[in-house]
Every structure is written in structure tokens, then in C-alpha cells.
Amino acid sequence: MIKQEVIEKISKYFKLTQFEAEKIYDDIFSIIIKGVKDDNVTDVTNFGEFVTKYNNGRNGNGNGNGSSEHSNGYKRTVEFLASTNLEEEINQTIKENTKPGLETLQKMPMNTEELSSVNGASTIEDEFRKKREALLNKISIHPLQDSAKEKKQREKPAIIPIIKEEPVTPEPEITGEIPPEKTEIIDEKVNDTVDNTIEETAIEEISAEPEPEKPVETTEDISQKSFSDYFSEIKTVPEPEITPIDDTFTQEPHVIPQSAVELHNEITHPLSGPVINPSLISDLSAPQEEIVLSSPAAEDLGETVEHVNEDKSYYIWYKDSEANVSDTQTMSYEYELLYQATKEAEYKSKVRIYVSTFIVFFSIVLVMLIFSPVIYKIFFSPEDQNVQMIEPQNTEEADQSSTQNNVQEPVIQTQSTEQQSNDLNKPVQQEQPPATQQQTQEQAKQQEQPKQQEQVPPAAQQQNQQQPPQQQKQQEQQQPPQQQKDETSIAGVTKNTMGWADEKFKVIYIKLDNGKFTIQESAWDSDAKANKRISAVDGFKINGLKGNVVRADLGDKGVWFRARFGEFSTIEEARVKAEELRNKERMRFQALLACFLLFA
Amino acid sequence: MNTVDILSKVAEANKISTGRAEMILSIIFEKISDKLRKEGEVKINDFGTFNIVNKKTGSTGFGSQSNVSRNYVVFMPDKPFKDIINS
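These protein sequence lines are chains A and B, in that order.
Counted from 1, the first sequence has number 664 at position 507 by our numbering; the numbering is strictly sequential.
Counted from 1, the second sequence has number 533 at position 56 by our numbering; the numbering is strictly sequential.
Just so you know, the hints here were simulated from the structure itself, not pulled from any lab data.
There could be a bad hint or two in this list.
So, partial list: chain A residues that the calculated Cβ filter (under 10 angstroms) puts toward chain B [stated by the list, open to error]:
no.	residue
1	Lys166
2	Leu173
3	Asp200
4	Phe204
5	Thr209
6	Asn242
7	Glu246
8	Asn248
9	Lys507
Here are the simulated lysine to aspartate or glutamate pairs, DMTMM-like style, with alpha carbons at most 20 angstroms apart [what the hints assert, rightly or not]:
no.	chain 1	residue 1	chain 2	residue 2
10	A	Lys668	A	Glu736
11	A	Lys232	B	Glu489
12	B	Lys520	A	Asp682
13	B	Lys520	B	Asp555
14	B	Lys486	A	Glu179
15	A	Lys166	B	Glu507
16	B	Lys556	A	Asp184
17	A	Lys232	B	Asp555
18	A	Lys663	A	Glu729
19	A	Lys210	A	Asp196
20	B	Lys508	A	Glu737
21	B	Lys520	A	Glu206
22	B	Lys559	A	Asp195
23	B	Lys515	A	Glu736
24	A	Lys194	B	Asp560
25	B	Lys486	A	Asp196
26	A	Lys194	B	Asp482
27	A	Lys172	B	Glu489
28	A	Lys703	A	Glu737
29	B	Lys492	A	Glu736
30	A	Lys172	A	Asp184
31	B	Lys520	A	Glu236
32	A	Lys160	B	Glu516
33	A	Lys166	A	Asp183
34	A	Lys663	A	Asp682
35	A	Lys500	A	Asp184
36	B	Lys486	A	Asp184
37	B	Lys492	A	Glu493
38	A	Lys703	A	Glu730
39	B	Lys515	A	Glu162
40	B	Lys520	B	Asp482
Here a beta-carbon is modelled for each residue, glycine too, at the ideal position from N, C-alpha and C.
In isolation and in its complexed conformation, chain A is listed as follows (with noise of 0.2 angstroms):
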């Protein structure tokens, strides 16, 4: 298919996309037969003309008017009238395929490696290229390279007659002497020695023809001539004749500008002279001869006024003037390739730049994803502990104090510590086993006993501490061990001042007075950063992880917010929440960073 192959040639050469390239082939075959439509004739330049004719043989633009002949019954069709060029190309091509020879040698194998495969011997070879060279030379004598021949020869008159004198001399000296039959040779022979000394002969005469004397100027008559003159002998000097590439471009005016012009005239000619008629120069649908240098004076006189086109005689440079539209627009193919090439370059320097910042970027995303446990342990963890590594300083007054202060200051909290573990308590209730009841039940029996003896009197108190020692033994021998087991013997929880510190997660399990324990996950300067953290925490939807905010007054130290969550009854199942949660903020942290990377 011819579309779709030039539609991938001019997709791939302008880089256009299938579609537009379609679009555009599509156009322009479209608006030629609207311009068949229109104006009965369209005349694209080297290839030819669509000409409309009706059935009756009567040509389309003879009448200008098809409608009528349509409504008379004649049905429009069309002639294509082939350009010359198209033509003579054709019929030149035909006839090189007619040539006799030509299907030998196309036939004829054209490498090594297949006259190998034909005859399976290298020693023919060159036969063969021999015969090839011989057919080929045959058919290099070709038609338009004889005419170039003849154009340069043409081109070169002064020399040809000349030579033309020596070939008269050795015939004489032939006549008689030698038969007939070889006198052909010999005329053969004179002929192509006549061919080359012609060529010799010429190139004798280029080479010693003496360059004209350009006359001196000397610095007197430079300075005497203003700008002007330089226009007049621009004027004298000769065009070199250009063979138009295409005749509809020659036929553009030259359009100057308007502004251009009148800066011309003020110059040139400021009160009387030959002055450019404006009005004729800016209208670009006039032609070329209209555009004339008229002066006052003259057409006063009746004088004809002077065509200024026919000898391009007048430039004018205008230093600040704009470049017409039109002008730009018809570009030549070379400037039109060099354009492309230019493109191409910036397009290029452009990708590798935007390539090049890319790879770094994504290098160092690369990088901080690979680093991201690292980063998160460094910029994020150690915010609250290095908090946390003052508080257990303290001594248990402090921590009694904060919870003393917990019991005064019930505003600081979000909720007090009694509607905390109602609510909390409920659902574990209801999803603790049978026998996790029992455990929970005989945990609050032994909660309740040291509330007992801080309700006894102080007397009653010396008289415990009278006690013998055998009966504290005997007492603490009736407490179950498990609570204490449960308290000390997990891995990586460390005992110490304020409660059980949990070096893996860096959490703190602090112990309630009701016997549960709650996570204490950081500790803030400020209650509104503590109700920040609350707040991100709630934001993973951990259940049972209800925050709230206490006050530590430390003394010297300053006030404490320590943000603590949930209430659990033993430390295993609050280290499982507090493992839960560093995930979370884990999966959040790479989340964020896959987040970042895919932005990139």
C-alpha cells in the first residue's frame, strides 16, 4: 500500500505521529479534488494536472461553469495530463528495461558469495566481473549523459572552433595508401585522439586564459562614494541566471515593507527624487511590474515612470525590519533539512539531560528505599526516646507525682483513666477464655489486697511491720508467681524505675494502679505534640490502642505529656500491640518512600 507507506515516511522524517501523518495525506488529496471541484483544474508542479472533462468530450475549462452543463445531463469527469518531466522519466525507464543485456545482467549474480553458490568455484569470478564490466559499459552510454556531452560542449564555444581545424590534416597523408577496409579503424582511432586533445586543449586554454584586470580603486574614490552608490553598482553587475526549481515560487512578489520604504525615501530622496510608491509595494496580490519608482517631477511632466523589477535594480536594507510572513514561510528544502537537523540536535541534547537527571533521581530514591530501615531508625525513633532516656533518671516519687497529678489534673487527659479501662476491659472480657477469667479474677483479688493495706491504719501498719519475717515469707508465698513470671521473664524487657522498658520496640509497659499495664510509647515537651502522636496512632486502626495523655511534672526537668495506649493485662499482649504498631509505622515509612519514588 502506497498510504501507508508514506505515511510511515513522512511520520518517521517529521516526526509526526500516524495519525497526523494520515491526516495530512488525507488532506491534501482531498483538497485537490476539491480544487478539481472548484476550479475544473489542479496543477501540482512535476507531476501534472487534473483537468475536469465532461462526457461529451467538452473540457471543463473552456465553460468555468459545470453546474449548468450538470443540469443538462453531462456527467464531470477526470483527465489526468501528465507533466512533461513525469513523461520522459517514464518513457526513459522503459526504455532501460527494454535494452537488450539488461535482463542478463540483472539476472547475473552480483557478489562472491553467489558465484560460489552458482558455479562453486572462485577461479570464475572473475570471468564473470569481466563480463558484467563489459555490459555495463555497453549500457553507460546513456541518453542523458550524451546530452550533458553535448551541453558542455555547447557551454564552451569560444574553444570548440578552434580545435576544430586540426583534424583536417591527416586524411590527406591516409587517401590512397591504405584499403578501404581499415580506413574505418583509423577514423576510429583519429576520432578519439581529436576527443582527447579537444579535452586537453580546452583545459589548456582555461588554465592560460588570463583573468581580467579588475580596475584599481584608490582610497579617494572610496571615500567619495556615498551608500547609494553602492545600490547603483549592485544595478550593473549581471544576475547569474537560476534555473527556477519551481515556477510557482518565482512568481511571488517581492514584498517589501511599508516602513522600510518610507525610511528609504526619507533617506535617499528627503524633498524631491524618485520616490517608491507605497501603496503598490505593500499590496502583495499585485504583481511584480506594478511595483515602480515614480517621481513627482516627472509624472508632472508626463514622463513614463520606471519599472523597477524588470532589471532588479534597487536593494534596500533595513536594518530593524521585520521578515514578512509569507517570506518565512516558503522555506527552501535545504534550509528545511538544516532546520530538522537542528531540531533534532536540541531534541537530543534535551533527552540526554532529562535521561541523565532521571537516572540520579531514581538513584537516589533507589538508595534511600534500600536505606529506609536506617533513615527511619535515625530520623524518626530517636525523637521520643532520647526523651525517654531522661525520664527513668527519676525516682518513683516522680512517678507517683504524675500520678497524683493524673488524679488533680483531670483536664489534661482525653479521658480519665477509669473510663479507659471500663471500655477496655469490656472487650477483653468478652474475648478472654474461661480460664483466662479465673487468671484475671484472682489478679484483681491481689490488686485489691494492697488496697487494703494502704486503707489500714498506720497502727495496724507497724504491726505488720512487726511482723516476724517468717509470716512475709509466708505471705509472699501465697501470692502466685505467675504475675511475676509474666513481669520479668520475657526477652529483651528490662525492668526498671518507671516500669518495663521494651528495647526492641522502645516502649515502656507501665503498670496501673488497677494491675493492668498500658504502653507508654513517648513523651512530649508539649500537650499538643503529645495529642499529635495520639492522634497518628489512631490513625493505623490498631484496636485497643486507645491513647490518652498524662503529666509528669519532673521537677527540674520540666513537665512531661506522656502518651500511653490501651490497657492490657499482661505485658505480652501489650508487647504484641506495641509490636504491631512499630510495623505499621514501618509499612507507613516505605509506603510513603514507594509513593515518593513512583512521583519521580
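Given chain A, put chain B in place with the hints provided.
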């Protein structure tokens, strides 16, 4: 209508420069003429068919051209083309 008109209309319709339109036009018609020379027939959908016709014998293509010196191009418009110009 001539080439300049075609170029200006194509350039206007597709928002390209006339120089570029000229190059595209030349590519298309060079391709058509090349194919016509090589194969003797070019068909363009919804437009028409170009054929090389022998003047002496009147036969199309390169069948019997051993003694023929002159050939010319014939264009047969497709039905859509005919319909448009007769509408």
C-alpha cells in the same frame, strides 16, 4: 488551483509551515511517480488509479513495449472522486 494553494491549505488545516507541507507533498508525488515507473500502476484509495498506457498498442503496463517509444499516464478517478465533482 495550483501547488501554492494546496500547500497553503494543507499548512493551514494541519498547522504546519508551508515549507514542511511542500516537502510532504513532494514526498507523496515522488513516491507515486516512482511506483508508477517501477510497476506501471498506482492505486490510491478514494482518489483514483494511475496507469501507464502504450500509445501505439493501447495496452496498459509494460507488457508489449519492445517496439514502442512513447508512453503516457492515464488517470481513472474512483467513485468517491466522481461523486464529489458531480455533486
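Discussion item. Flag every earlier hint the structure violates by its number, smallest first.
Written reply: Of the numbered hints, 9, 11, 12, 20, 23, 29, 35, 40 do not hold.
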